[in-house]
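Student: What follows is the residue order along each chain.
2 protein chains.
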Amino acid sequence: MSFRYQQSSSALPEDRASLQIFLAQVQKRLQAFAARGLHLDMTRGKPSPEQLALAAPLLERSSAIGFRTVDGTDCRNYGGLPGIPEMRAIFANILGVPTDHVVAAGNSSLELMHGLVTAAMLNGVGSGMPAWSRCGEIRFLCPAPGYDRHFRICQEFGIDMVPVPMTDNGPDMDVVERLVADDESIKGMWCVPKYSNPTGAVYAPSVVQRLAAMHTAAADFRLFWDNAYALHHLTDEMVEIENILECCAASGHPNRPFVFTSTSKITLPGAGVAAFASSSDNLRWWMERYGVRTIGPDKLNQLRHADFLESAGHLHALMESHRRILAPKFAAVQAVFDHELAPYGIARWTRPRGGYFITLDLLSGGAQRTVDIAAEAGIVLTPAGATHPYGRDPDDRIIRIAPSYPTNEEVAQAAEGVALCVLVAVVERRLLSPEMTA
Amino acid sequence: MSFRYQQSSSALPEDRASLQIFLAQVQKRLQAFAARGLHLDMTRGKPSPEQLALAAPLLERSSAIGFRTVDGTDCRNYGGLPGIPEMRAIFANILGVPTDHVVAAGNSSLELMHGLVTAAMLNGVGSGMPAWSRCGEIRFLCPAPGYDRHFRICQEFGIDMVPVPMTDNGPDMDVVERLVADDESIKGMWCVPKYSNPTGAVYAPSVVQRLAAMHTAAADFRLFWDNAYALHHLTDEMVEIENILECCAASGHPNRPFVFTSTSKITLPGAGVAAFASSSDNLRWWMERYGVRTIGPDKLNQLRHADFLESAGHLHALMESHRRILAPKFAAVQAVFDHELAPYGIARWTRPRGGYFITLDLLSGGAQRTVDIAAEAGIVLTPAGATHPYGRDPDDRIIRIAPSYPTNEEVAQAAEGVALCVLVAVVERRLLSPEMTA
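Those protein sequence lines, which keep their order, are chains G and L. Residue numbering for the first sequence follows the working numbering, beginning at 47 and increasing consecutively. Residue numbering for the second sequence follows the working numbering, beginning at 47 and increasing consecutively.
Source of the hints: derived by calculation from the structure; they are not laboratory data. C-beta atoms are modelled at their ideal positions from N, C-alpha and C, and glycine is treated no differently. One thing to keep in mind: the hints can contain errors.
So, partial list: chain L residues that the calculated Cβ filter (under 7 Å) puts toward chain G [to be verified]:
no., residue
1, Leu-105
2, Ser-109
3, Asn-123
4, Glu-157
5, Thr-164
6, Met-167
7, Ser-179
8, Arg-198
9, Glu-202
10, Phe-203
11, Val-338
12, Gly-342
Derived coverage of chain G by chain L (criterion: at least 3 residues anywhere in the stretch with Cβ under 8 Å from a Cβ of chain L; other residues may be distant) [said to hold, decoys possible]:
no., region
13, 121–127
14, 233–247
My request is simple: use the sequences and hints to build the entire structure.
Tutor: Right, here's the structure in full:
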């Protein structure tokens, strides 16, 4: 049984005439929808204003908390490359790693990932390791569907992307193991191990252990482990995953994982704090690279965050507040899809246990057309294909739905609009299929 | 007449015996100094706590200013890659460029410079331009003495550094023009055009115009124009320099300059806002690169800054307050050097009209030994050689003095200690010279 996808049941009409009548009915509903002149944006995993308000104390207490860390550092001045102790401790707690294995940085974990990739490209991932830019063609494994911004970093630097199928339990490890064992040019792999973007998949313990233990032809292979949704549960079941640093160390590959997370979807996106965790060797190497680029992160913002998040109890209460805002939006989309799409057996969609996305899978294609029709009807969706390397979904099946930002009412409206667009796109295709036109 | 250096006059004793007596006297004073057990740090251009207090309203008003920009953007959420309009307008004013030619970024202009260099290395500086990392050996011109962190970026990426002599009016342009005209591998040049780090030199109008107009063998040559001290005057004379963007555009090289500045030494170092200004083409190119690395800068910090700095009048009053704190520290160092060093004709030092540093030039060498002795006496100085590419000052002459952080009393003490160390180092050397030992 799939944790992730809710398969549709039943079916569309089978004969051409009935299909045409069905299409006309759906088109009429879609026209009425479009006539409402809505502007609904479901493109990005942006928290809603209601969620942002949860962080108000972070800004309000700004002047009350002063400017000194526990160790007396004046956060108003230069320095403090690894971040302030308080914030490192909070990230250590979130990631389940020792404090000295994590550094707190700027406002963007994406920027950290980009920084690690550029450092690997121009310097190599440690002493004696070659700069990837001098290794000829190099490749990254990209579990797909995946996160478009990961893929874009590869594209920026001409890193060849090798798609790997995603299952409910993470990437297909048989494929992964075969590829990395044979191909020395495979230097890295993108992973969102918990509540994966966009499928919500959670890497099973065996998957994490195999990733840690597998033999890689490249000695400088790295897992880019983007644990963006570590605390971002949508159900009572607070999913835990295996600790990648511990697994890799136990397997004799302590330097394999580069772990990332941030408070972007805990406090304020764009004004949060990002973190990097890794082995002692990797952190030493990264601090040398990081020290070339900056004199230090914004320690005052870290201090505000530490003050706001300090008690672990508060952090969990905060995430529970986020969940109370988010879960109904996910439920609204699913209720609409259950009602509008389930009867026709043309699509399935995820019921994620956490994270920010629902993946809608049009089983026989039509994603691009759906996104185009939706745009005409006033609903902006993530571009079709964005969830795949090079923006190319080979089967044109996957649509990423981001229900977090709109209001509950807007989300339900948008879901209805999307369902109508799916029906139009799929029925249009079916009418053009060989058996229908024959 | 030099604006920069105050030449010593008079001389040391000439015969060996008198020199030895003189050395013994100075060493005795230095021992007494060291016995006071001081710990004085003159390594970095760090603002003092008194200066940091000037920015208190920036933090205190944090909750009062809300979270919306003039154009209604919610600064608490993702997005806004070019920075908020208010902050771009403030930087446009500081740099004398149109608002749409400047973007406001994160907390570090060094990080922006590093980002521009990595983008040039891995992507090339614009469409059709080759990635510098695929151009074989490449070179940067490095006016020296210069800023160690600029040089360190080059070293990080194996960019060959070519020193260019600094004059009172900026880099020696005859040398610069000859080098860039002949050598296609010269891709860039570091410039601190106003109150240069560390000499305080101000680029003369003719220097700026020649930099803008000169023929370069490399089509993708770029000026890395670090205008860090645009408003950081130490005298009544508020020095203005030529506008590099205008000069380059007028000379038919609109894409040549990459201009940087920040509020690090206006508001809070490490928690300020950095800016990048350039041509429309360059900004479009950079926004494409920047958009791969981040979803946007910390707009809330920009909003706090805009609120604090908004009126140009306030900005100038603020810089005047900084000057009132800083100028006496510079004067204290100079008074001590005038008293302790001027009589012996062994050194000269700058009297900068702005910026954060005094350059002490030991005319016949001994900088490394001076720094070593100073460390033993409780004064940490910037490592000798740091002001030169690869940390190598070929004549071992230059010491960078950063008087901003210590108190006035500490600064005077430190200057006295430094002067004693200089005397010991120079007299020791002289006693070992061939004419003395013969």
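Student: If a hint holds in the structure, say so; if it doesn't, say that too.
Tutor: Each hint, compared with the structure:
Hint on Leu-105 of chain L holds. Least Cβ distance to chain G is approximately 5 Å, under the 7 Å limit. The restraint placing Ser-109 of chain L at the interface with chain G holds, with a minimum CB-CB distance near 4 Å, inside the 7 Å limit. Taking 7 Å as the C-beta cut-off, the interface hint given for Asn-123 of chain L holds, the closest approach to chain G being about 5 Å. Satisfaction of the interface hint for Glu-157 of chain L is found here, the shortest Cβ-Cβ separation to chain G being roughly 5 Å, below the 7 Å cut-off.
Interface restraint check for Thr-164 of chain L: the shortest CB-CB distance to chain G comes to about 5 Å, inside 7 Å, so the restraint holds. A distance limit of 7 Å between C-beta atoms decides the matter here; for Met-167 of chain L the minimum to chain G is near 6 Å, and the interface restraint holds. Satisfaction of the interface hint for Ser-179 of chain L is found here, the shortest Cβ-Cβ separation to chain G being roughly 5 Å, below the 7 Å cut-off. For Arg-198 of chain L, the suggested interface contact is upheld, since its CB lies about 5 Å from the closest CB of chain G, less than 7 Å.
At its closest, the beta carbon of Glu-202 of chain L sits 5 Å from a beta carbon of chain G; the interface hint therefore holds under the 7 Å criterion. Contact between Phe-203 of chain L and chain G, as hinted, is supported at the beta carbon level, the nearest pair being about 5 Å apart and thus within 7 Å. Because the beta carbon of Val-338 of chain L sits about 5 Å from the nearest beta carbon in chain G, less than 7 Å, this interface hint is met. A cut of 7 Å between beta carbons decides the hint on Gly-342 of chain L: the least distance to chain G is about 5 Å, and the hint holds.
For the region 121–127 of chain G, the stated coverage by chain L holds: 6 residues have a C-beta nearer than 8 Å to a C-beta of that chain, and at least 3 were required. Using a Cβ-Cβ cut-off of 8 Å, 0 residues of the region 233–247 of chain G lie near chain L, which falls short of the minimum of three, so the contact claim is violated.
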